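Going line by line, the protein sequences match chains G and H. For the first sequence, our numbering gives the first residue as 1, with consecutive numbering after it. For the second sequence, our numbering gives the first residue as 1, with consecutive numbering after it.
Some hints here could point you the wrong way.
[Stated by the list, open to error] Pairs of lysine-lysine, DSS-like flavour, derived with a Cα cap of 27 Å: (1) H:Lys-312 to H:Lys-158; (2) H:Lys-56 to H:Lys-158; (3) H:Lys-56 to G:Lys-149; (4) H:Lys-312 to H:Lys-78; (5) G:Lys-149 to H:Lys-376; (6) G:Lys-144 to G:Lys-169.
[Unchecked claim] Looking from chain H toward chain G, a few residues come up when the C-beta cut is under 7 Å (computed): (7) Glu-15; (8) Leu-23; (9) Val-40; (10) Gly-41; (11) Ala-175; (12) His-183; (13) Gln-185; (14) Ile-187; (15) Glu-393; (16) Thr-396; (17) Val-397; (18) Ala-400; (19) Val-411.
Hints in this document: simulated from the structure, not taken from any laboratory. Model, not experiment: these values are computed from the prediction. The C-beta atom is built at its ideal place from N, Cα and C for all residues, glycine as well.
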Amino acid sequence: MSSPEPFRFRDCSLTIVSLGRVARNLRELRAELAAVPVGSLQHHFYDAFLRPSFDDREYRNDFAAWTRRMLRDAPLAERLSVVDPLDCDDFEDVRDRLIEVVEERLAEDPRHADVPDGMEFRFLRSQLVYFDTGVRATTIRELKERLPKTTTGSVFYHFVEARFRSPQKRDDYSSWLLGFGDEGRALADRLARVDFQLWSLPETRARIAGCLDGTPEGLS
Amino acid sequence: MSIALRDYAEAAGPEVIDALERLARPLRGRRVVHVNSTRVGGGVAEILARLVPLMKDLGMDAGWEVIEGTPDFYGVTKTFHNALQGVPAAPTAAGLQVYDDVNREAARRLGPSLAEADFVFIHDPQPAAILRHLPKRRGRWVWRCHIDVSRPHRPVWKFLRPIVAPYDASVYSMAAFAQPLPHPQYIIAPSIDPLSDKNRPLEESEVQSVAARHGLDPLRPVVVQVSRFDRFKDPIGVLQAYRIAKRRLPIQLVLVGGTATDDPEGDAVLAAVREAAGSDPDVHVLLLPPDAHREINALQRRATLVMQKSLKEGFGLTVTEALWKGKPVIGGRAGGIVLQVVDHHTGFLVDTPEGAAFRMRYLLNRPNAVALMAEKARRFVRENFLLTRHLREYLTVMLAIDSGGGDQVEVA
Chain G
1 MSSPEPFRFR
11 DCSLTIVSLG
21 RVARNLRELR
31 AELAAVPVGS
41 LQHHFYDAFL
51 RPSFDDREYR
61 NDFAAWTRRM
71 LRDAPLAERL
81 SVVDPLDCDD
91 FEDVRDRLIE
101 VVEERLAEDP
111 RHADVPDGME
121 FRFLRSQLVY
131 FDTGVRATTI
141 RELKERLPKT
151 TTGSVFYHFV
161 EARFRSPQKR
171 DDYSSWLLGF
181 GDEGRALADR
191 LARVDFQLWS
201 LPETRARIAG
211 CLDGTPEGLS
Chain H
1 MSIALRDYAE
11 AAGPEVIDAL
21 ERLARPLRGR
31 RVVHVNSTRV
41 GGGVAEILAR
51 LVPLMKDLGM
61 DAGWEVIEGT
71 PDFYGVTKTF
81 HNALQGVPAA
91 PTAAGLQVYD
101 DVNREAARRL
111 GPSLAEADFV
121 FIHDPQPAAI
131 LRHLPKRRGR
141 WVWRCHIDVS
151 RPHRPVWKFL
161 RPIVAPYDAS
171 VYSMAAFAQP
181 LPHPQYIIAP
191 SIDPLSDKNR
201 PLEESEVQSV
211 AARHGLDPLR
221 PVVVQVSRFD
231 RFKDPIGVLQ
241 AYRIAKRRLP
251 IQLVLVGGTA
261 TDDPEGDAVL
271 AAVREAAGSD
281 PDVHVLLLPP
291 DAHREINALQ
301 RRATLVMQKS
311 LKEGFGLTVT
321 EALWKGKPVI
331 GGRAGGIVLQ
341 VVDHHTGFLV
351 DTPEGAAFRM
361 RYLLNRPNAV
371 ALMAEKARRF
381 VRENFLLTRH
391 LREYLTVMLA
401 IDSGGGDQVE
411 VA
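Just chain G, same shape as in the assembly:
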């Protein structure tokens, strides 16, 4: 069997653009969810991983976090927290599911007040700039050595965003490892257990590295 092509480490950098659209209460959130571009939904689910923010957050997607912290609606936050774009066909499907959850909550309890000034949900979108790092790995050992030295932007590109480029919703590291027979398949199986939605990008990078090395952190 021939070796796969070298793994090309790429990187990306985020810049955030304000859409100028806000929601002050649950009804406005529902209306804006229906109106904003899908890129904004993607930002609030995943691109936000690259945004400067406190990383020990209770919820990772911005909709769940806002409904918990600002609207103080714990049941709604819990339901929004399990809307998983990887279970959806695309972000239009994500939009439909979000709206369904919000409408269900509005039907249960229509008395949703406005949040205080300054606590509104502000819809954002991303512009992502992609570039090649020039770093390559030709063997599994080289991948193990070089991955911990990559940026969080690179981890985002290969481990998070890759799933939305891949028909199999697979990360780039696993796709490449599958070209290395049983050893590669075993490592890809381990990587599948890293739930990036629970961790910050530095933590995700540490867990991926742990998986490749077989250390407990990667397997936890």
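Given the coordinates of chain G, work out where chain H should sit on it, guided by the hints.
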């Protein structure tokens, strides 16, 4: 001693420096000019003093220009500053004329440099009207607004809006600060420089020496607030909080501020603070020169807790500085403080002097909690608010604007 980009590898990580060099390749040789209103004093000048050399280090032809204002001009722009943050104040017609005259003169003086630049970043409202006096320009112009303009006093915003609307883009420190304008509005949080005199590690002997020079008792806790003497920083509220907490704790309070040439109200606020402090020997009101960075660094490191009880705030870089030094922060629920101070993790948000006093007592009685917060605080700043991240976002905005504004931009 000049500091090179590679010197940041230890604080930010070598991979971050490699990525900056790759990202900047398409911008090598491009002319980038920043314009603001003061060379020293205030967070903007501090950021530009480091950002511009690093852009040069990355191969850009970067420059920094400062407009030359008059006392009248700074009086008008201070009124702008207050009004844009919601104070119902407005300059007179004569004041607006002074504003326009200074900007016209700046456009005449700086025109040759700015008209040929590929990117021009105009910082805050003071030099914003240069653009209208420079119709023949070829590059992209970006208005970088460092203050909270989310709820401006309308007459002043009505004056300023047509001045900033023709820019190609604007940049704000937080999404909440942005105003609707007919161009892309980017969000870039500011940063601190881990290698600057204000943030670099200091020997404990230097910290103790500075504390002793200012008469601080080495055995008792110290609460420090570092900020300009500005009513929005609520120094009087800090004094009130200190007095409540002092009933139970043997604390000392340091209110330390600098001066900035573009802030004519500082003297009046300082006088009010000194009067309120009275003769309490444990209250130290210090006015330091704008270059006293190491001294401020030492006082922050000597602090047991840091306060930033602002009523209005831009981003609150003094909070970032304190967190970088491993100090929990008791902060006002305002501006960017909300992004940085997370209850029970990096400090506490408060709304009143009473709340601040309670959190002082809470933290000063829990050294273990303070130690855990210190570790989280430092990691939080390392991952999010160092100058290298700020530089990366400037590069990214330039590349995004250059590409025409698509959601995804591929660079060679």
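Comparing the hints with the structure gives:
no., hint, result
1, H:Lys-312 to H:Lys-158, "holds, 21 Å"
2, H:Lys-56 to H:Lys-158, "violated, 37 Å"
3, H:Lys-56 to G:Lys-149, "holds, 25 Å"
4, H:Lys-312 to H:Lys-78, "holds, 15 Å"
5, G:Lys-149 to H:Lys-376, "holds, 22 Å"
6, G:Lys-144 to G:Lys-169, "holds, 22 Å"
7, Glu-15, "holds, 5 Å"
8, Leu-23, "holds, 6 Å"
9, Val-40, "violated, 27 Å"
10, Gly-41, "violated, 25 Å"
11, Ala-175, "holds, 4 Å"
12, His-183, "violated, 10 Å"
13, Gln-185, "holds, 4 Å"
14, Ile-187, "holds, 4 Å"
15, Glu-393, "holds, 6 Å"
16, Thr-396, "holds, 4 Å"
17, Val-397, "holds, 5 Å"
18, Ala-400, "holds, 4 Å"
19, Val-411, "holds, 5 Å"
Checked against the numbered hints given earlier, the structure breaks hints 2, 9, 10, 12 and satisfies all the rest.
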